[in-house]
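Asker: Using the hints, position chain L with the ligands against chain Y.
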Amino acid sequence: MQLTKEKLLIPDLSNDKLIDLYKQMWQIRLFDEKVDEFFAKGMIHGTTHLAVGQEASAAGVCALLTVEDKITSTHRGHGHCIAKGATADKMMAELFGRTTGYCKGKGGSMHIADVEMGNLGANGIVAGGIPLAVGSALTAKMKKLDYVTVCFFGDGATNEGSFHEAVNLAAIWDLPVIFVCENNQYGMSGPIKEMAKVEHIADRAGAYGIPGVVADGNDIIEMINVTDEAINRARSGKGPTLIEAKTYRWKGHSKSDAKKYRTREEEQEWRKKDPIKRYKEVLIEAGLLTEEKAEEIRLAVKQEIEDAVKFAEESPAPTLDDLLTDVYA
Amino acid sequence: MREITYLEAVREAMSQEMRKNDDVYILGEDIGVYGGAFGVTRGMIEEFGPERVRNTPISEAGIAGAAVGSALTGMRPILELQFSDFITIALDQMVNQAAKIRYMYGGKGKVPMVLRTPSGSGTGAAAQHSQSLEAWVAHIPGLKVVQPSTAYDAKGLLKAAMDDDNPVIFYEHKLLYKTSSDVPEEEYSIPLGKADIKREGTDVTIVATAIMVHKSLEAAKELEKEGISVEVVDPRTIVPLDEETIVNSVKKTGKVIVVHEAVKRGGIGGEIASMIAESEAFDYLDAPIKRLGGANSPIPYNPELEKAHVPQVPDIIKAVKETLNRA
Ligand SMILES: Cc1ncc(C[n+]2csc(CCOP(=O)(O)OP(=O)(O)O)c2C)c(N)n1
Ligand SMILES: [Mg+2]
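In order, the protein sequences belong to chains Y and L.
For the first sequence, counting from 1, position 182 maps to 182 in the working numbering; every step adds exactly one.
Every number in the working numbering is 1000 more than the matching position in the second sequence, counting from 1.
Only chain Y is shown next, with the shape it has when bound in the complex (with noise of 0.2 angstroms):
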């Protein structure tokens, strides 16, 4: 479909479901923002790491898929998890430890799964989730069944050797699994640029003889059309893609951190090219949405997540029974 006169979406999407994308990114970035808050209260314990500024990547890649379809997650995973169908209430009630959370409170920001929507779960080990994800692409292969798993992972998870050997699995077996990087430039300090010697982080499928894409991370259109391309060849059997997006991180990596590393000069520029701006921009063109609507759908994911915040905490807390529930199956 020809959005606009620079944008064409590819694969096949409603126009509620185009709408329905734009509400998404609301909830990722209002989520933790206020999940931002909140740590800066000191109102939630342990740490996080915020999306805020890379909702594109997150609901522009898991916009073509279904509850069969499975993802796995980073330390930097609410939006993933929002894109891949979780509730606001049962997240926030897990970053508040209570029993309604999606772990029961016993997992917190860096572990939240929704195994049922097909969430694989976020991870605390940087490219922890990327071997997972070629297991989980194995099973689809071996039980001749036709999900596609999609591994979001960071630039900085591609020095670790899990990465290189997980992709160069999925490669030699053909296996139906989408790897996306979301270079945000840097890792928690470390700037990609110094820390490998390749221009793009796509140019390293090559090694492993799978495509390469590097894509626009900001720019959601741009993201499902990528997406649709390495999800036909995955479905067809025609092995991996790993898919570069472009993008970047508005708030320091975790909690506390100065970030000495980067200007704010750099962070303004980034800044400008806001992925939820510049998706209202081309629907309001596409003639799909209008400035009021838009800050409707603005207002009622703000409530949506106050809500949560309500349901979070009116939540009950584990008991100390709950301490050695779930070690074992």
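A portion of the hints provided could be inaccurate.
Quick list of simulated restraints, FRET-style, between CB atoms [to be verified]: (1) L:Glu1003 <-> Y:Arg262: 28 to 36 angstroms; (2) L:Glu1003 <-> Y:Glu269: 40 to 48 angstroms; (3) L:Glu1003 <-> Y:Gln268: 53 to 61 angstroms.
Here are the computed lysine-lysine pairs in the BS3-like style, where the Cα-Cα straight-line distance is at most 25 angstroms [to be verified]: (4) Y:Lys255 <-> L:Lys1307; (5) L:Lys1221 <-> Y:Lys41; (6) L:Lys1178 <-> Y:Lys260; (7) L:Lys1290 <-> L:Lys1221; (8) Y:Lys104 <-> L:Lys1307; (9) L:Lys1020 <-> Y:Lys255; (10) Y:Lys90 <-> L:Lys1307; (11) Y:Lys277 <-> Y:Lys251; (12) L:Lys1290 <-> Y:Lys41; (13) L:Lys1178 <-> Y:Lys259.
Only some residues are given here: those of chain Y computed to face chain L with a beta carbon under 7 angstroms [claimed, not checked]: (14) Leu8; (15) Met43; (16) Gly97; (17) Gly107; (18) Gly108; (19) Gly156; (20) Glu160; (21) Gly161; (22) Pro191; (23) His200; (24) Gly252; (25) Lys260; (26) Leu323; (27) Leu324; (28) Val327.
Rather than coming from a laboratory, the hints here were simulated on the basis of the structure.
No residue lacks a Cβ here, since even glycine has one placed at the ideal position from N, Cα and C.
Answerer: Same frame as chain Y, now just chain L with the ligands:
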């Protein structure tokens, strides 16, 4: 003397050594301008430059192996791992290479390196960022294992670890980083394998490691009010282990409790308890040896559950009383 924090003590020990010895360098993830995950190396890249404070990619297996290889060929690396949980990824190089090279090569070559890494729970970082896995490495002949509990000990033990010609795993406890004690400005060394009696007592011995030293001291203070005199022994290094100091203390009190944060099953407490049972202290025991350790589960996120996972002051007090009642 001035008071500095445990974190500052670690940094000072490294910096003083690096000023003196060009062979010493540090490598690790985000140890440059970011200052390391906990801020231990803050300011070091400014002083020593990026050649000697090497900010690495996220590649634990690679950087551990590079440390081992450079140690084998004349450097004296300090490897920082952001969380001790990630030692799983570095372990092949530490266990199958670093620990065995000298022995396998018939006494040729040596691997003088220190792997520094923060361990322990209590920060809400949950299952993959809170473990205490020191017993794993203590099981490997060829590795030395250090667990300082105070700023003073941290500085002196790190100096000894850097001077040692063997691979040393140096566990720093996250919750101790901000604790302070009197620390001399000049360099000093605390020999590896020398326990410290952190408090003298006559009724019962507590052998405690890392943060459990502090919890045991608190328990001892409480128990003193009830007329119970507790001796707290801090081994400081679990490999080599100062068996003599522990045995002598048990001979004196006749009762012993071993406390650590790591999961009790398979923890170093089992080794210490067995060592006592096999020693001449056995004949002096008036009550069974008691062990306290972490629960047999991963570390949960919820703060109350997280606390319940590891021994707390009331648990130690209870254990002391139970032991006294059995005597
Ligand atoms: C194996 C491992 N090493 C180091 C860390 C500490 N750590 C957590 S996130 C992170 C940076 C990850 O960078 P990247 O993969 O680019 O993801 P981003 O945070 O940018 O989303 C680091 C070093 C970890 N959690 N696991
Ligand atoms: Mg990154």
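Asker: Please go over all the hints and tell whether each is borne out by the structure.
Answerer: Here is what the structure says about each hint:
| no. | hint | in the structure |
| --- | --- | --- |
| 1 | L:Glu1003 <-> Y:Arg262: 28 to 36 angstroms | holds, 35 angstroms |
| 2 | L:Glu1003 <-> Y:Glu269: 40 to 48 angstroms | holds, 45 angstroms |
| 3 | L:Glu1003 <-> Y:Gln268: 53 to 61 angstroms | violated, 42 angstroms |
| 4 | Y:Lys255 <-> L:Lys1307 | holds, 22 angstroms |
| 5 | L:Lys1221 <-> Y:Lys41 | violated, 34 angstroms |
| 6 | L:Lys1178 <-> Y:Lys260 | holds, 22 angstroms |
| 7 | L:Lys1290 <-> L:Lys1221 | holds, 20 angstroms |
| 8 | Y:Lys104 <-> L:Lys1307 | holds, 17 angstroms |
| 9 | L:Lys1020 <-> Y:Lys255 | violated, 36 angstroms |
| 10 | Y:Lys90 <-> L:Lys1307 | holds, 23 angstroms |
| 11 | Y:Lys277 <-> Y:Lys251 | holds, 17 angstroms |
| 12 | L:Lys1290 <-> Y:Lys41 | violated, 41 angstroms |
| 13 | L:Lys1178 <-> Y:Lys259 | holds, 22 angstroms |
| 14 | Leu8 | violated, 37 angstroms |
| 15 | Met43 | violated, 12 angstroms |
| 16 | Gly97 | holds, 4 angstroms |
| 17 | Gly107 | holds, 6 angstroms |
| 18 | Gly108 | holds, 3 angstroms |
| 19 | Gly156 | holds, 5 angstroms |
| 20 | Glu160 | holds, 6 angstroms |
| 21 | Gly161 | holds, 5 angstroms |
| 22 | Pro191 | violated, 10 angstroms |
| 23 | His200 | violated, 16 angstroms |
| 24 | Gly252 | violated, 10 angstroms |
| 25 | Lys260 | holds, 5 angstroms |
| 26 | Leu323 | holds, 5 angstroms |
| 27 | Leu324 | holds, 5 angstroms |
| 28 | Val327 | holds, 5 angstroms |
The structure shown violates the earlier hints numbered 3, 5, 9, 12, 14, 15, 22, 23, 24.
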